[in-house]
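A.B. asks: Construct the complete structure from the given sequences, taking the supplied hints into account.
Residue numbers (this note's numbering), protein chains in the order written: chain A, 1 to 115; chain B, 116 to 227.
Hints may be right or wrong, so weigh each one.
[Claimed, not checked] A short, non-exhaustive set of chain A residues, derived as facing chain B with CB atoms under 7 Å: (1) SER18; (2) VAL19; (3) GLN42; (4) SER43; (5) PHE106; (6) GLY107.
Quick caveat, the hints were computed from the structure, so don't treat them as lab data. Ideal Cβ positions, reconstructed from N, Cα and C, are used throughout, including at glycine.
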Amino acid sequence: GAVVSQHPSRVICKSGTSVKIECRSLDFQATTMFWYRQFPKQSLMLMATSNEGSKATYEQGVEKDKFLINHASLTLSTLTVTSAHPEDSSFYICSARQGANEKLFFGSGTQLSVL
Amino acid sequence: GNSVTQMEGPVTLSEEAFLTINCTYTATGYPSLFWYVQYPGEGLQLLLKATKADDKGSNKGFEATYRKETTSFHLEKGSVQVSDSAVYFCALSDSGYSTLTFGKGTMLLVSP
Numbered sequence: 001g002a003v004v005s006q007h008p009s010r011v012i013c014k015s016g017t018s019v020k021i022e023c024r025s026l027d028f029q030a031t032t033m034f035w036y037r038q039f040p041k042q043s044l045m046l047m048a049t050s051n052e053g054s055k056a057t058y059e060q061g062v063e064k065d066k067f068l069i070n071h072a073s074l075t076l077s078t079l080t081v082t083s084a085h086p087e088d089s090s091f092y093i094c095s096a097r098q099g100a101n102e103k104l105f106f107g108s109g110t111q112l113s114v115l
Numbered sequence: 116g117n118s119v120t121q122m123e124g125p126v127t128l129s130e131e132a133f134l135t136i137n138c139t140y141t142a143t144g145y146p147s148l149f150w151y152v153q154y155p156g157e158g159l160q161l162l163l164k165a166t167k168a169d170d171k172g173s174n175k176g177f178e179a180t181y182r183k184e185t186t187s188f189h190l191e192k193g194s195v196q197v198s199d200s201a202v203y204f205c206a207l208s209d210s211g212y213s214t215l216t217f218g219k220g221t222m223l224l225v226s227p
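C.D. replies: This is the structure in structure tokens:
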């Protein structure tokens with residue numbers, strides 16, 4: 001089946017630094033990618049939806065200047081957490097789909113710990 | 116707004132035991148319902164789905180029936196295996212595979 005690769009799987013950084021997370025669709029062209037965040041014992045919460053070549057659409061309450069999303073190609077989307085703080089520590093997951101009614105394929109997630 | 120509530124884990128079972136993971140939802144209209152599974156170190160995978168009332172989704176011995184009258188989509192398996200140990204997420208969408216609303220996930224641990 002289709003594979004979505006997410007990297008890194010785990011990152012630890014100092015407060016105030018920026019962290020980039022990559023999400024790649026390995027064997028299909030992803031017109032749409034989604035970014036989720038999951039706090040311990042909480043649901044996956046959608047952060048933003050990105051379509052290739054256009055600006056991401058952010059969910060209410062998600063700061064677009066803090067969570068920069070780039071979807072410059074049909075196989076790669078990146079999420080950059082800028083000036084990370086301890087409250088940004090969370091599990092971040094991406095997903096991708098080829099078309100509007102296509103199945104979603106998920107990355108394995110990135111555990112971000114900000115010290 | 117939409118919401119999904121699923122039982123807290125971990126659920127700990129012995130091999131060959133019967134599994135039920137409860138899931139109830141709140142939504143307007145007629146959502147599609149899904150169960151996703153996440154094995155250790157892997158991404159979420161679609162396990163099964165149902166798109167209308169009384170539909171039964173099934174895969175790999177797992178089943179779930181879309182019950183509109185009780186707004187539920189409980190996951191069941193008659194005989195679990197150690198390899199079923201994973202985190203299971205119940206989810207819904209207003210249409211097809213559009214924006215998903217997830218439950219918190221339930222960890223299942225199956226011992227030999």
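A.B. asks: Each hint: holds or not?
C.D. replies: Okay, the hints, checked on the actual structure:
no.	hint	verdict
1	SER18	violated, 24 Å
2	VAL19	violated, 19 Å
3	GLN42	holds, 6 Å
4	SER43	holds, 5 Å
5	PHE106	holds, 4 Å
6	GLY107	holds, 5 Å
When each numbered hint is compared with the structure, violations occur for hints 1, 2.
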